[in-house]
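Reconstruct the complex from the two isolated chains, following the hints.
For the record, the sequence lines run as chains A and B. Once you know that position 142 of the first sequence is 131 in this note's numbering, the rest is easy, because the numbers rise by one and skip nothing. Going from the second sequence to this note's numbering is simple: count from 1 and add 272.
Check the hints yourself; a few may be wrong.
Unchecked claim - If we take Cβ atoms under 8 Å as the criterion, some of the chain B residues that face chain A in the derived model are:
id, residue
1, MET290
2, ILE302
3, VAL319
4, ARG447
Claimed, not checked - Derived DEER-like restraints, expressed as beta-carbon distance ranges:
id, chain 1, residue 1, chain 2, residue 2, range
5, A, PRO11, B, GLY333, 47 to 57 Å
6, A, LEU138, B, LEU339, 41 to 51 Å
7, B, GLN336, A, GLY175, 14 to 24 Å
Claimed, not checked - A few chain A positions that, by computed beta-carbon distances, are all more than 12 Å from chain B:
id, residue
8, ASP72
9, PHE137
10, LEU154
11, PHE163
12, VAL164
13, ARG172
These are computed hints drawn from the structure, not numbers from a lab. Computed from a prediction, not measured in an experiment: that's the story for all the values here. Don't be surprised by glycine CBs; every beta carbon is placed ideally from N, CA and C.
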Amino acid sequence: MAEAESSTGFNIHPMDQFQIKPLFGAGEIHWYTPTNVTLWMLIAVVVATVLLVLGTRGRAVIPSRSQSIAEMMYGFVYKMVEDVTGKEGLKYFPYIFTLFIFILLANFLGLIPGSFTTTSHIAVTAVLALGVFLGVTILGFVKNGTKFLGLFWVSSAPLALRPVLAVIEIISYFVRPVSHSIRLAGNVMAGHAVIKVFAGFAGALGVFSIFPIISITAVYGLEVLVAAIQAYVFTILTCVYLNDALHPSH
Amino acid sequence: MAETTHGADHAVESAPGMPQLDFSTFPNQIFWLLVTLVVLYFILNRVALPRIASVLADRQGAIQRDLDSAEQMKRQALEAEEAYNKALADARAQAQDIVGEAKAEIQKDLDKAIVKADAEIAAKAAESEKAIKEIRDSSAKSIQEVANATAADIVKAMMPGSGDAKTIKAAVAARLKG
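Next comes chain B alone, as it looks inside the complex (with noise of 0.2 Å):
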């Protein structure tokens, strides 16, 4: 407590109570603050808040340009997509009908050349029979010769002098048909 006093007697050298209250300073000081406030104000006002105020709005415009991008590429994105599946089932439809068509042509060739090879298969087995019945003809009738003379023989040989060669042709040939 002591030590307080003695800072009290200290304190005499410093100015007497507040200097908040000292009324000798407030011209001084509101000169001051007046003019502190109104350079503050302009340069604010003038410089500082527009160009924040710019930077602000340029800053949402951006976003703003930058979402407004990003929906536009989206919905491009949907089209292309669209237009993938679209070309893809076109492509499908194509092929189904070239396959279809392929189809049908080999089958119209197929046929043609079933029809031609039926025809030729036709033609030949008639050569064939042609063929055949002459040589069923040609030995029938050398047959037929065979049998006259053997007949011939067989009856000169068992009959002397009896049947003349013109009966015996008749008899063979009526035998055979038979």
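Extracted from the complex, chain A is given alone in its bound form (with noise of 0.2 Å):
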């Protein structure tokens, strides 16, 4: 949560808005403890609920805004897995919309000011990454069997490569999760701390303070926009890896 800082000189803490505290007192963090985590990201279902559930509760052929939101975001990615994946992707719609809802919201809700972004954290994009990764995995091997490992021999290349293509692929394959992680953690939390040390200078700047708000105003632009692209691009890279999984062969 982003603190009232006291305003003489600079105090530039751009890392404390990532702070976990727990909601109650204060003290050892349990993994049961209700912290900051659990309120941002319990708004953020409340928020997916009123916009999925409640908005779309008139169930109108012709659609309120609300509906209409909750109806490009369905056609959205509806029509991003069934691009990526094929029609046999769409059995795991409702997996990648869970994801896609979760990441939209959590960006978006962060960049209210004081609040907090829970898919700043490295914990928390691994555990999305890994379960896409693990998910991904096993599916790949219960659907084809051992023909995933397909996946890993490029048969359309000349012989002698395809042992070191496969090592190549094999690194490659295993180094998704964290690229799937980092991509968005990463993004989301330098552009937070970016703006956090411009504020940090415009509080001490005094007039030429302006500059530095300007600065904010243009960062904040551009992160409303990553918000958006972050989310997509964890999204379509989990239906990348979902048809890998479905369709090994190159």
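In structure tokens:
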């Protein structure tokens, strides 16, 4: 959470906004302790419910605004899953939609001044990415058996090159969850930290604080874009990995 | 630059390093994330997604229905136009028939009337002719009588005692015939 800083000199603590604190009192954080993570994840669930459940309760043929938003999100993700993975992937659409909505809302809620961004934490994005990685890998073996290993054996390459390519493919396969999670957390964290640094300057520059304020505004605009794009990137990569599991042949 | 070091002094008060790498908070985050994902998944999968899907399907159905009914109405309109044209043609043909019939009837009446008029005219003409003939005959007789009387008178005056009424009459008749 962002705290009110004392305004004497530079008090730039760009990382303080990412601190995890218990909601009630202070003390050790156990695995079950309700923290600001709990609060903002709960808010994300509430917003998702309001938007996607209450917003569509009219079930109107001509949609209201909120129903329109819900339908557009549904259509957007549905089409993405269908385009990337084909008809077979639509079975997993609810999982992918859940991921998309959670990341999108967490990113956007994190842009509210003073809020806490759950997706800026590696622990969160790593669990999301590992879930996708494990799920897709298990699914690949269940669906294709040992043929799933054909993903690493590039049959279109010359025979001599194939073992080398297989090593590279295996490494790149296991790097997937790392890049998948760090891309999201890194983007979100960096943007928020930059805004905080500029905010620290603004407190100390007096009249000239107009420049950091303009910068904050610009970076904020960029962050809104990043929030949506990173949710999109995470989702489409999930679709791509799922497609590999469903159709492992190169 | 002096200020930055000053800032660094303050940083000591806050947690050192990145909170992201503070492993003591990981179980907490992971637990709440899993709870959140499960709850969100159930809300979306049980309520939101089926509802949106049914709304979209309904809309697709409604659009299809509207298109179908529009197609049907268009067909009906075409049929109605055809029927109208047919009725028009029928009416024309019927009118033609009626006109023809009326004409034929009128012709028949006319012919009958003409024949009747001709007959009447002929009868009248015959009657008139008869009357004229009677008049002519009576006038010819009168002329003969007058001529006989006149001739007898002339003969009596010129040659008294000669000729009798019978001879004079024959002479006059011969003269009139000539």
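Any of the earlier hints contradicted here, and which numbers? As far as the earlier hints go, 4, 7 are violated by this structure, in ascending order.
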